[in-house]
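Engineer: So the protein lines, in turn, are chains A and B.
With this note's numbering as the guide, the letters of the first sequence map in order to residues 1 to 549.
With this note's numbering as the guide, the letters of the second sequence map in order to residues 550 to 875.
Because the hints were derived from the structure by calculation, they are not lab data.
Any given hint might turn out to be false.
Derived lysine to aspartate or glutamate pairs resembling DMTMM-like cross-links, with alpha carbons at most 25 Å apart [said to hold, decoys possible]:
hint, chain 1, residue 1, chain 2, residue 2
1, B, K622, A, D327
2, B, K809, B, D681
3, B, K593, A, D327
4, B, K864, A, D54
5, B, K737, A, E136
6, B, K622, A, E43
7, B, K864, A, E43
8, B, K864, A, D406
9, B, K622, A, D54
10, B, K593, A, D406
11, B, K693, B, D681
12, B, K622, A, D491
13, B, K809, A, D406
14, B, K626, A, D327
15, B, K626, A, D491
16, B, K626, A, E43
17, B, K622, A, D137
Here's the letter readout for the chains.
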Amino acid sequence: MTLGKTSPAKKIGLFSLSQLCWLSYPVTLLVTLLAFYGLMSFEGDSADWQLLTDSYFLGVLGFTLKQSTISSFASVLFAIPIARALNQLNAQRFKNIFLGLCLLCFVTPTLVVVTGLVALLGRSGWLTPYIEPLMEDNSWNLYGLNGILLAHLFMNMPFAIRIIHQQLATIPDTSWRLAKQLKFSPWQRFVIIEKPVIQSAGLMLFGFIFVLCFNSFAVVLALGGGPQSTTLEVAVYQALKYDFNISEALALAWSQLLIAGGLYACFSAMGTPVWQSHEVINQTTRPYPLTSQGSRLRLLALCGMGILLLLPYVALLPSISLFFTADIWRLIMQPLLLSIGLGMTSASISLVMAYTLLQPIRSQLKQKRSMRVKLLEQMATHQLFAPAMVISVGLFVFLLPRVDLDRWGIIVVILLNSAVLVPFAFQKLKPRLIQFDQQYDRLCLSLKLNTWERWKIEWAFIRPSFISAASLVFVLAAGDVAIFAIFGPSDWSTLPWLIYSLAGTYRIPEASAASLLLLLVCAGALWLLQLVANRTAISSAEPSTDAEP
Amino acid sequence: MKRTSLFTLAASALLTSSCFAADLTIYTYDSFNSEWGPGPQLEKSFEAQCQCDIEFIAVDDGVSILNRARIEKASTKADVLLGLDDSLTQVTRDEGLVQAHGVDLSSLTTALAWDDEDFVPFDYGYFSFIYDSSKIAQPADSLKALINSNASVIYQDPRTSTPGQGLMLWVNAVYGDEAASAWTELAKHTVTVTKGWWEAYSMFLEGGADYVLSYNTSPAYHAVVDGESKYKAALFDEGHIAQVEVAAISQYSDNPELAKQFLSFLISPEAQHIIPTTNWMLPVIDNVELPAPFSSLITPKRLNFTPAQVAEQRKAMISTWRSSAQ
């Protein structure tokens, strides 16, 4: 597909397939452009730049930077020792379970995380009486910076653990053997062998988590606790929600886009991309020399961490009994099916989109045009740092007078969810595809394979990453509430939306039952697809058998 | 997987296109038209009367109804806007989104003192602080007493929630120029300021605070549905701010006659009997038969804030709150 001059690429009309792939760039940018156009064209408003000198704006910006810096720094810092301990252990089943839990924490719908945290650490939380005496003035308040940091840490640290562990697992066995022969001390092992790997991942990871926290919305809205802890994204929402103050929202949104985008570009330029290596599956060798005592200590520490990560979920368990009543199923069935359908459709679309966006990047990479690659990547993943609130509301303003949203809203929900999740699919697919190009591109060229044959080999190679990307996007889309809140047709409901409406009508127990079900759907999807991915990974270990004509 | 999703896509396209335009389209907020809200019962009962088809389109909340009508202008499908409140009437009128209703309002309770030609009220309630009487024996008897106490409080953001806005008016009515220092005082014992009503209320029910801002009608819900009488509303002697929920005929309605008929129905004894126990607010006409707990609700003195005052002073009040409630 991207073989350049020697390729026997199929032509469609005047364009080759690879040229058509470039079209995905205008398509992905179009969503964002239409959204900004929608806002700006409404009553001809333009951004109110005066706001930037307002003390309110500076306060909001300051708080946004502060909380995202602490959140991302702490997430990466705490993740390092845990990831190391995990990598050093020689217990594959335990590792898989722990890493699965980590993934679940990262994708758990915010609504569920917040409910759990409040049950644990709210004013009458289970753990609050034990924490209060540890505080300076014997008082503990979850709301404000405390809660925001805890929630961000809960969701992002496990993600960092996964990535750092994945990086550590790429250290070849020979390095460890060499370290043993040279009688390295544990400190030397860390500095000489592990640190360089962690460092390259750490910076990029810091940037990624920073941007996620910088744009954090639901957590800040739920746990912010007052006007003193507001992020730019929440400020955009507040400006639009009641006063429909478009010029203020635009000024905030442009600032957010420029700052988050700029920082992300800086981090990407400085660090080697984290996702450069593919996921290591079923690694069986024991890389790190451990005494049985050291091994037990690590296991204990990891179990402790695992329990901490499980705690917020435990809060939902008392609602289990509700599942034995018929009422709840009548209530939950349609939203459950819609959430699953929405997740599957969005996952398919954003994977295809991400794959298409990656084609020009692969061909540019082969030609070693690194500046262009960076630029293309920035464009392909811009939804990551674009202000989601502006995209949703802007598109709403643009579409409402043009399209019957009560009828077609669900299509917009699917498309917009897919668009917003493209960066995640993109990040998951990219390393594997690049690895494929590095390892097999020349071989494919020399074998003079046609596009279809080549694609078959490629598919066998990327299938595990493809499936794990699919499960990630599925879960994120199934947990969406922000987009559905704006575009969802009023007589339909998804699980997260049902949770909001249940709780909105005093039905708290049903709401936590629905949260539990949503969590089960997410965990189930991750587990199922992981299972499939592991199976296919083994069967695709020898891609040559697949490639036989 | 792809095959399934194509199917879902096709199925959802088919399903969504199977709904047809109704004779009367009503924009309302989500909880009004939820399974437990008044919407479904009102729809059934009105359709039986008019031999017509009505359709509710639900958005987030009251202010979203206004914003949607504002964006759609003449292309709107709405015949009736239902679920705005008295603090939004002025701006809705100024935007030219509604027309005179011509409904006879003489049956309305005198407590409301309502004579608006564009908006018909369908329920009301007084913003109140709710407490658990099994934990607090002596509740605060005035807003000042509450603000000067150290009892923990949860309230809603005035920028995103109508009770939050109600408290803002309340503080300004009671404190006038001293509002800023009152906010700072209140912030010292505020657990959290939430985005919407339910976040605050559910947190309170889980024991998150001594007081939560809600409505004087909230205790009726607990008494009627759960048989639980420990939740009570605190009566403040400065008086309370009322929220009046209203409906109006869209300026761009294709069927203003039917819309008018619907608004008259809204204040009929039949509809007024449905609304209090589904929307948990007070009826706007007298002599509606209600469950016993409604008769033991507090009946506060009403503090007045006209819609015009709200429209004019909101911005300044918000920025005072924004800078001093911390």
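Engineer: Each hint needs a verdict: does it hold in this structure or not?
Structural biologist: Hint-by-hint comparison with the structure:
1. K622(B) with D327(A): Outside the cut-off at roughly 41 Å; violated.
2. K809(B) with D681(B): 42 Å, violated
3. K593(B) with D327(A): 22 Å, holds
4. K864(B) with D54(A): 15 Å, holds
5. K737(B) with E136(A): 17 Å, holds
6. K622(B) with E43(A): 12 Å, holds
7. K864(B) with E43(A): Distance of about 20 Å is within 25 Å: holds.
8. K864(B) with D406(A): 33 Å, violated
9. K622(B) with D54(A): 33 Å, violated
10. K593(B) with D406(A): Status holds; Cα separation ~21 Å.
11. K693(B) with D681(B): OK: K693(B) and D681(B) at ~20 Å, within 25 Å.
12. K622(B) with D491(A): Given that 25 Å is the threshold and the Cα spacing comes to 23 Å, the pair holds.
13. K809(B) with D406(A): 24 Å, holds
14. K626(B) with D327(A): Distance ~34 Å between K626(B) and D327(A) Cα, so the pair is violated.
15. K626(B) with D491(A): 16 Å, holds
16. K626(B) with E43(A): Between K626(B) and E43(A) the Cα gap is close to 21 Å, so the pair holds against 25 Å.
17. K622(B) with D137(A): Violated, at roughly 55 Å.
Of the hints listed earlier, those the structure fails to meet are numbers 1, 2, 8, 9, 14, 17, in rising order.
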